[in-house]
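Asker: Chains as they are written, first to last, in the working numbering: chain A, 1 to 383; chain B, 1 to 473.
Misleading hints may appear alongside valid ones.
Using 35 Å as the maximum straight-line C-alpha spacing, the simulated DSBU-like pairs for lysine-lysine come out as follows [to be verified]:
no. : chain 1 : residue 1 : chain 2 : residue 2
1   : A       : Lys202    : B       : Lys232
2   : B       : Lys38     : A       : Lys325
3   : A       : Lys325    : B       : Lys49
4   : B       : Lys232    : A       : Lys359
5   : B       : Lys49     : A       : Lys359
Computed spacing ranges between beta-carbons, pair by pair [stated by the list, open to error]:
no. : chain 1 : residue 1 : chain 2 : residue 2 : range
6   : B       : Glu124    : A       : Leu219    : 54 to 60 Å
7   : B       : Gly326    : A       : Ala332    : 52 to 58 Å
8   : B       : Glu48     : A       : Glu326    : 40 to 46 Å
9   : B       : Asn253    : A       : Asp361    : 38 to 44 Å
10  : B       : Gly326    : A       : Ala275    : 38 to 44 Å
11  : A       : Ser307    : B       : Asn253    : 20 to 26 Å
12  : B       : Ser240    : A       : Glu337    : 51 to 57 Å
Just so you know, the hints here were simulated from the structure itself, not pulled from any lab data. Model, not experiment: these values are computed from the prediction. Don't be surprised by glycine CBs; every beta carbon is placed ideally from N, CA and C.
For reference, the chains in residue letters:
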Amino acid sequence: MDIAVDGAGYVMPLIKQFMAWFLDDPERPSKLVEAAKSAADSLGLMPPPPLPPKPSLFGSPSKIAAWLILSVVIMAVASLKSEVKKNTIGKLKPWWAQCGTQTRTGLCAVGVVVLGVLIAIASDELCAASISGIKVAWLCDAFTEPSWFRPIVVVGASAAALAGIFFGVSWLVNVEVNASALPLEQTTSPEAVLDGVPSLPKQYQPRPQLAATHLDALLSSTGTMAITASTTGVSGPAGAGKSTTAIVLARDPQVHAHFNDGVIWLAFGRERTGAEVLCTLAGRLGVATEPGTGRQLAQDELTSATSRALDGKKTLLVLDDIWRKEQLDAFASLTAEGGLLGRLVTTRNHDLAGADAQKVDELQEEEGLRMLARYTWESRSRS
Amino acid sequence: MGKPIEELNNDAAASRLVERCSGNPAQLRSVAALCRKKGTEATLDYLEKCQQKMRHAKLPDAEGYGTLFDALAGTLQFLAQENAGLSERCAMLAVFPEDSQVPLAVVGQLWGLDELETEEAVDELASWHLVEVEGGEGSGHTLSLIDLHLDYLRASAKEDLVRWHAALLRGCGQRVLGHWEEGREDDAYWGRNGWANVLHHLRGCGWEAGALGGEVTVLYLGRAGVDDEDAKGLAGMVASSGSLVKLYLHGNNIGDEGAKAIAAGVAASGSLATLLLGSNKIGDEGAKAIAEALVSSGSLVKLGLHSNSIGDEGAKAIAAGVAASGSLATLDLGHNKIGDEGAKALAEALPSSGSLATLLLGYNKIGVEGAKALAEALLSSGSLATLGLNNNKIGDVGAKALAEALVSSGSMATLNLRNNNIGDVGAKALAEALVPSGSMSTLYLNGNSNVGDAAKQSLWDAVQGRQGFQLQV
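This is chain A alone, in the form it adopts within the complex (with noise of 0.2 Å):
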């Protein structure tokens, strides 16, 4: 409430001073000027006498700071509060949401020391003062003479002023009540692009401590991680799930803020080979072909040009049901320039998957039954 009361005590003046150039004009018709002068008598809102202009020196650059220092304090909020309800700042202004976080963060910045620094000058503390060396005397000049450009400057600096102080007031008051009323949501934050990730079977039993497993794995790993089965009972590794692991890790919200450019879903299986699958993945970014001559580029080429494609973002692979040494290989020299470039493989090959794989262990009895019961007795539904 800081900023209404400060805004109140710098409002004031402003239209008093207002008043006093428009009463002091001798060509404004006298009928007006009487009529104005009871008006503002009665109202509280004549001009004082006018003073010698003589603006202190010392008084504004303290004055300067102190809007500083509140713009930084209302920025620091804002940006916090930006954060951590970017969901609900979404639904209501959309292109809020779009905007990334230092963006938000910026606009706040500009915004509330443009306002601060408009108050200054409109009340016309700025005249004589000087910041680091900059000489604002043509605003002085504008402001000891009557002219046009006065009251432009100082309505619009009064509207702008009231206008920036009630926005945010009611800014940070709507964002607190709208967040208590709605619910964060938990799933995928807007930003997360998915390409291809298939979706959850319907009766997908959670298997929260082997998902958590894999998510500390994935967001610790400097480049692959590996998803195989474990081999120690007979069941062998097909069906265990997987590929149904990198569909929720595809699909977390944490994965999703690490790599924050998207995850993109490979399918590879028995029969295709390494070079099909990069050029699937190449038609996807749009740099298959030649720009200008369409022409396909070679397979030297495809590496180096979904390398630039990717350069500077943050992506997670998802190399799906890889069987040969020939499929890993051919997506081994892609890079990520100054980015980020994940690639979260399931194989059912141990040698594939290396020491180090994530395993996906067979279901314990509870668990088992747990996903027997799901699976057999709750309803389908498909929308």
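Go by the hints and put chain B onto chain A.
Answerer: Here is chain B on its own, set in the frame of chain A:
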């Protein structure tokens, strides 16, 4: 609805089932479908009986899967008893490529059912946990199979697979095989992967000619990943199809072996008119085989061989084919390695061909001698209307020779001489050749930096006032 988990906790049969499935989620899904229909105890009994039966009828590809297939086999067997039609439809799903999401429209084409019937059958299969269905409003639903199920279905379908692949292709017909038109429900399947899925089903049906159906006249396999092996199969298809008119095979991996096979197929086909083999890996050997096909095919009108590795030897063979063919009208040999020798051979063939109207030889290594030979051929050819010689090295001498021939040619309309080191002498000769009574209507000369302003002006003056004449300098 929903049965509380507590009930299962005290159910000994349920625990046995989990144990039997070795804690494998995919197997549990299969078992769950049976449990719903039969209850846990009966399911356990049933599976044990099935298992004994299956020990006798072991699937050939089931090795390495251990007992993984048991539960699924039991479910499918039960489904076959309950609903034989649905069981067959489920088996047919084995034709789809692994890890792919198939739009229901395509599934309907495979089954020969309409939209509503397809949706019903898919719903029923989903309730047996045999397929996954995805998708929301707008995009339409897609169906996918988990690998385990697909492996099992493929292993047990055997020779039926060929028939089903062919049935799907026949069901799709010209619309999918000819050229993709976008904006249909099955876009995601036929459109997204290029023509790779068409190729998948063609391979699957063993390139059986019947898969094309009678009404298919265009087969489009551009950039589909066709290799030499495929070309061999495709050749048989082309030979026995009586209706195929156009075959698009550009941008594949067809080498000499594949070209030979296709040439044999084309020779045997009585209907094929357009064969596009651009951007492949065909060398002289392949070109020779195709040349032979030109001789024996009476129907080929358009032959595209650009961006291959055909040299003079190949060009000579093709020239012989051009001379003997009575039907070929368009020949594209651009972006190859043809030099003066090849150009001379082609030139000598021109007078004997009464049908060739377009000859494209851009981006080769043709010099003065080749150009002179071609110029001479223009004098006696009555059919050639378009000659593309851009990006060669014919120079002023070659251009002058061509110009002199143009004056007396009655058929030449378009001449492309871009990027050929032509200077003022050649340009002026061409300007003189553009007589108003001639047949020329298009001349491209740009990219010849030695043509001066005066020569350019004389060219512009020569075509001054001629309606529709295209001149680029």
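Asker: With reference to the structure, classify each hint as holding or not holding.
Answerer: Verification of the supplied hints:
no. : hint                                : verdict
1   : Lys202(A) <-> Lys232(B)             : 45 Å, violated
2   : Lys38(B) <-> Lys325(A)              : 44 Å, violated
3   : Lys325(A) <-> Lys49(B)              : 41 Å, violated
4   : Lys232(B) <-> Lys359(A)             : 44 Å, violated
5   : Lys49(B) <-> Lys359(A)              : 33 Å, holds
6   : Glu124(B) <-> Leu219(A): 54 to 60 Å : 41 Å, violated
7   : Gly326(B) <-> Ala332(A): 52 to 58 Å : 54 Å, holds
8   : Glu48(B) <-> Glu326(A): 40 to 46 Å  : 42 Å, holds
9   : Asn253(B) <-> Asp361(A): 38 to 44 Å : 42 Å, holds
10  : Gly326(B) <-> Ala275(A): 38 to 44 Å : 42 Å, holds
11  : Ser307(A) <-> Asn253(B): 20 to 26 Å : 24 Å, holds
12  : Ser240(B) <-> Glu337(A): 51 to 57 Å : 53 Å, holds
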